[in-house]
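For the protein sequence lines, the chains are S and D, in the order given. Position in the first sequence (from 1) plus 65 gives the number in our numbering. Position in the second sequence (from 1) plus 15 gives the number in our numbering.
Check each hint, because a few of them may be wrong.
The following label-pair restraints were derived from C-beta to C-beta distances [as the list claims (entries may be wrong)]:
#1 S:GLY208 - D:ASN91: 31 to 37 Å
#2 S:ASP193 - D:VAL36: 40 to 46 Å
#3 S:GLU205 - D:ASP149: 49 to 55 Å
Short, incomplete list of chain S residues facing chain D, as computed with Cβ under 7 Å [said to hold, decoys possible]:
#4 PRO77
#5 LEU164
#6 ASN170
#7 ALA174
#8 PHE180
#9 PHE300
#10 VAL304
#11 GLU335
#12 MET336
#13 ILE340
#14 LEU344
#15 PHE345
#16 MET349
#17 GLY354
#18 GLY355
#19 PHE357
No lab work stands behind these hints: they were computed from the structure. Just so you know, even glycine gets a beta-carbon here, dropped at the ideal spot from N, CA and C.
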Amino acid sequence: MSNLLDLLLNNPLLLAEAALNGLLLGGVLALLALGLNLIFGVLDIVWIVYVDLAMLSMYLIYFTVQVYGFPLLLGAVLGIGLGVLLGIAVHLLIITPILNSPPINQLLATGGLLFFIQSLATFLWTTDHRSVRLNLPTIEVAGMFVSFARLIAFGLAVVVMIALYVFLTRTYIGTAIRAVSQDRGAMSLMGANPQRVYVVTSAVGGALAGVAAALLIIQYSVHPYFGAAFGPITFMICVLGGLGNMFGAFVASFIMSEIISIGGVVWSTEMGYVIAFALFIVLMFIRPGGIFAKRQ
Amino acid sequence: MTLKRVAALILLAVVAGLPFVPMGGMRQYVLHVVIQIFIWAFIGNAWSLMGRFGLVSLGHGAFLGVGAYTTTLLWNFYGLTPWIGALAAVAAAVVLALVVAYPCSRFGIVGHYFGLVTLAVGEVIRLLLIAERDWTGGSLGLTLKTAGDASFKAVQYADKRVFYYGAFVVWLLGLWVWHRLDRSMARAAMEAIGEDETAAASVGIHVSRFKLAITSLSAALTAFGGVVYAQYIAYVNPETLAGVGVSLRIVFAVVLGGMYSLLGPTVGTALTISLSEYLRVKFGVHFIGMAETIYGLVLVIFIIFLPSGIYGSLRGLVVRRPYRPASGGTA
């Protein structure tokens, strides 16, 4: 605690910079968490492999832009397309056959896929860190330095989240998705085909992973363990916000990203994560339904 | 004496005699692979004590790491013999297990919520080991201080045969614990809890007490496995002994072999280790990741088509009584 106080008194600007960076990271984390949470809300399955799907899109964007020299926009479109395809493929090939198995088997099946993707990436592309190099400036705002790439990523993440909101509330299929997440059984009773909603949900979830990939590749380098680095924090955000609760996931993303960012500056990167995970464990005990659930 | 017992005795005799089979220059390598199979099968076995009752932990790396690092740090800094260090390691793991399991049981955290909480615990331990780099060596890991060629006090032997028999006995101990539990009333109680906690409580089963006991037992054995592994390899590293990676590896080997049968974890571990060793020897460093790629794929296929694992399914074909596993979590 003394470190935090020390920094607050002697170098408040550094702390403010960390807080701002946390906010910007939160935007991209929120995108991943919302995608994962959308799938969870509808299918009641945690895709442990979710961030690894984003990682595959990141690789595709890296190769398109950095190796073959196409513009970043094309790379981003391809990355999102791959995300959609992967989302649908995971649903049809892995989730559909075990839709009625115990939840643990579903968790382990997507976990097996994680293992597969992680190792395949190691095999194909080695453990080298690869990044898309953009010559974007660093902006100085009131003495704080903020990377322009992060700022763009944050702005686009917010735009995509608004689009997701509009999709879920203003379109027919979006309304159907929300209906299923409220009551899975009623869907079949109304004579609708749940599989269609499941596939659309998985595709949208995959697309969000693709968008997140495009926003992540301009800030971080991609490597086979990228999913392992960002995966756990993403599930924890979903659980913290309440699995299936989109607003909760949105808020939880910023709580977690602030802890990681500020903790990282005050102590060390690892300690930032330790505090975030410890908070997650404690909050799970106090409010197992997420921070916005009604007290039991 | 039944046929089963005869087969088991022959198998034991073969395993016990393996170090004396002439294998030329291959002996050290073969023993190394078999020792690893024994240790990881023991750890998988410890995991399955919980897993088979729907308490699927994705953070057993935490107990493994606590165990391995406790003895290693006590030996390196205080010269405390691992014989006593192991007791401290097991005690530390049990305390950690209770700290996690008590609130989980108290607040009814089951199914994938339990999985995610344990996953967070595994990550916390891994990150703490990295963060406290002044004495744990951080990501670089820590080498056990050597005590000369062979030392009983330090449990360090250059001769692999010592560890071979040690690991063999430890593995048998794990099987014995599994068997004892399988025959006890606790098994019936835990199965009832795994199926439906509320119903189990309504017929007078003390749900929390059984859950805490089984979690502590599993954590204690896992930590002990970690100690044995650290003594054998004489090097500890946060990535190989804590965190999500190793935790999932343990789970996968067990699920592959079958978590509802005595030899399932052993069969699964033997298969995964043999496969990765085979590919490593055959293709060398060019094929890094190939072994895991194959068994990741095999695993997904297994969970979809053979949820009771290789050994569990084969056993189901031979034994007439259908072997029905307890269903997973209730959430």
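Quick rundown of the hints versus the structure:
Roughly 46 Å separates the CB atoms of GLY208 of chain S and ASN91 of chain D, a value that falls outside the hinted 31 to 37 Å. Take ASP193 of chain S and VAL36 of chain D: their Cβ atoms lie about 43 Å apart, and the range 40 to 46 Å holds. Judged by the Cβ atoms, the range 49 to 55 Å given for GLU205 of chain S and ASP149 of chain D is violated: they are separated by roughly 35 Å. Annotation: interface hint on PRO77 of chain S violated; nearest CB of chain D at approximately 25 Å, more than 7 Å.
Hint status for LEU164 of chain S relative to chain D: violated, with the closest Cβ pair at about 11 Å, above 7 Å. Nearest Cβ of chain D to the Cβ of ASN170 of chain S: about 5 Å, under the 7 Å cut. The hint holds. Because the smallest distance between the Cβ of ALA174 of chain S and any Cβ of chain D comes to about 4 Å, under 7 Å, the interface hint for this residue holds. The interface hint given for PHE180 of chain S holds, since its Cβ lies 4 Å from the closest Cβ of chain D, which is under the 7 Å cut-off.
With 7 Å as the threshold, the beta carbon of PHE300 of chain S comes within range of chain D, its nearest partner Cβ sitting at about 6 Å, so the hint holds. Because the beta carbon of VAL304 of chain S sits about 5 Å from the nearest beta carbon in chain D, less than 7 Å, this interface hint is met. Because the smallest distance between the Cβ of GLU335 of chain S and any Cβ of chain D comes to about 4 Å, under 7 Å, the interface hint for this residue holds. A least Cβ separation of about 5 Å between MET336 of chain S and chain D falls short of the 7 Å threshold, and the interface hint therefore holds.
Interface restraint check for ILE340 of chain S: the shortest CB-CB distance to chain D comes to about 9 Å, outside 7 Å, so the restraint is violated. Checking LEU344 of chain S against chain D by beta carbon gives a least distance of about 10 Å; that is not within 7 Å, so the hint is violated. With its C-beta approaching chain D no nearer than about 5 Å, PHE345 of chain S sits inside the 7 Å limit, and its interface hint holds. Against a cut-off of 7 Å between C-beta atoms, the interface hint on MET349 of chain S holds, since the closest Cβ of chain D lies about 5 Å away.
Checking GLY354 of chain S against chain D: minimum C-beta separation of about 10 Å lies over 7 Å; hint violated. Taken as an interface hint, GLY355 of chain S does not check out: its beta carbon lies about 10 Å from the nearest beta carbon of chain D, beyond 7 Å. For PHE357 of chain S, the interface hint is violated, since its Cβ never comes within 7 Å of a Cβ in chain D; the closest pair sits about 16 Å apart.
In this structure, the hints that do not hold are numbers 1, 3, 4, 5, 13, 14, 17, 18 and 19, in rising order.
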